[in-house]
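Starting from two chains that each stand alone, build the complex the way the hints lay out.
One line per chain: the protein sequences are A and B, in this order.
For the first sequence, the residue numbers in my numbering are 2 to 114.
For the second sequence, the residue numbers in my numbering are 627 to 741.
Please note that a few of the clues may not be correct.
Computed beta-carbon distance windows for the label pairs [unchecked claim]: (1) K71(A) x Q677(B): 29 to 39 Å; (2) T16(A) x A705(B): 44 to 54 Å; (3) D693(B) x E102(A): 15 to 25 Å; (4) D57(A) x T652(B): 21 to 31 Å; (5) E15(A) x G667(B): 20 to 30 Å; (6) G17(A) x S696(B): 47 to 57 Å; (7) Y702(B) x G17(A): 45 to 55 Å; (8) G64(A) x S672(B): 24 to 34 Å; (9) S696(B) x K12(A): 38 to 48 Å; (10) E102(A) x G667(B): 15 to 25 Å; (11) E15(A) x V646(B): 43 to 53 Å.
I should point out that these hints are in silico values taken from the structure, not numbers from a laboratory.
Just so it is clear, CB atoms sit at the ideal spot from N, CA and C, and this is done for glycine as well.
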Amino acid sequence: DAGITQSPRHKVTETGTPVTLRCHQTENHRYMYWYRQDPGHGLRLIHYSYGVKDTDKGEVSDGYSVSRSKTEDFLLTLESATSSQTSVYFCAISEGTGRRELFFGEGSRLTVL
Amino acid sequence: KQEVTQIPAALSVPEGENLVLNCSFTDSAIYNLQWFRQDPGKGLTSLLLIQSSQREQTSGRLNASLDKSSGRSTLYIAASQPGDSATYLCALPSGPSQAGTALIFGKGTTLSVSS
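Next up, chain B with everything else stripped away, as it sits in the complex (with noise of 0.2 Å):
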């Protein structure tokens, strides 16, 4: 069964630091992996979505790397700001290829960026 981790639970850091954030998952026969951005009392947004044979995805300021024999994909946010504070979700499928296979997330990283 596939099962993902996202570590921190939680982090703060100062306006314009680069950061990474974290998710691990145990099962490496991927279809892809989506990371997601939610804000208190929203629903989640889409962020970046990588396929299996990718191994990153840009969009601004972010990037995401993906490298399944290790389970791992990084979100890098770059020169952060304090609107970038909120939860960070990845998640992927839960079955390798089916068609709509519903995902599994992560607990998420709560990031606070202070100015």
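Just chain A, with the same shape it has in the complex (with noise of 0.2 Å):
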């Protein structure tokens, strides 16, 4: 499996705090990905990077900020949480090259109330 951590794995919080999660992998993989998985939405990119300090805006970006400061670490923060950000969210990494295969963390689960 690929070296995959997000954390936390499990966080309730209210609206209007700010939230911070976090990636961090141990493949040494250039590019990183955030996605939200809600039902009837499917799997949507809301940043991604290419490389250290390298990030771009996905599908649904708004309400979201990230950074990467370090290879192995990608953050996503929300400034002030609101209940339609309640979701599941996705860390995925890839080469970028070759294959491009993408692989899969195992999730964070947010509830804004």
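Next up, the structure:
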């Protein structure tokens, strides 16, 4: 299994509070992604990173920010959480070259009350 | 914009049956296509990846085919088992060749295999 660790795995928070989810990889892959998964919508890309300090927006980036200060860590921040951000968040990694196979973490379940 | 469709959304079969899951996409200029499995409450596990130059890939009882001209991929599962029960998703890059292009996912087919 690809070495991807997400933390926390479960979090309950209140509307308006800041939340940071962490993705840590041990594969030294260049590309890292944050997806959210919701019933009826499937998996949708929030943000991705193509290198240290290099990030770009995905399909559903509003209300989210990301940072990548080290190759192994990719942080997703909800500056002021809303109930619509209740979801399961998945981190994924890819070498970005060759086969470009995508590997996923176990997910972080976030509930915003 | 690439769109990915998986039909049916759910499928129930008895153990031992051979089955086919379908994945359709709108833009045939793809780099590759990946099939994943997701168990309830878990992350996605990569099953097979087919490059655009390939017609099929096999892993054990799984065989994935790719027909770019018709915008279709199929995942064939032979001799299904209760342990195959899961949601199966297909995904492909949103762009044809850009390195690290994020994947667009179908909504999946939830398979239930009864013993």
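Hints and how they fare:
| no. | hint | verdict |
| --- | --- | --- |
| 1 | K71(A) x Q677(B): 29 to 39 Å | 31 Å, holds |
| 2 | T16(A) x A705(B): 44 to 54 Å | 50 Å, holds |
| 3 | D693(B) x E102(A): 15 to 25 Å | 21 Å, holds |
| 4 | D57(A) x T652(B): 21 to 31 Å | 23 Å, holds |
| 5 | E15(A) x G667(B): 20 to 30 Å | 24 Å, holds |
| 6 | G17(A) x S696(B): 47 to 57 Å | 49 Å, holds |
| 7 | Y702(B) x G17(A): 45 to 55 Å | 49 Å, holds |
| 8 | G64(A) x S672(B): 24 to 34 Å | 29 Å, holds |
| 9 | S696(B) x K12(A): 38 to 48 Å | 44 Å, holds |
| 10 | E102(A) x G667(B): 15 to 25 Å | 23 Å, holds |
| 11 | E15(A) x V646(B): 43 to 53 Å | 46 Å, holds |
In terms of the numbered hints stated before, the structure departs from none.
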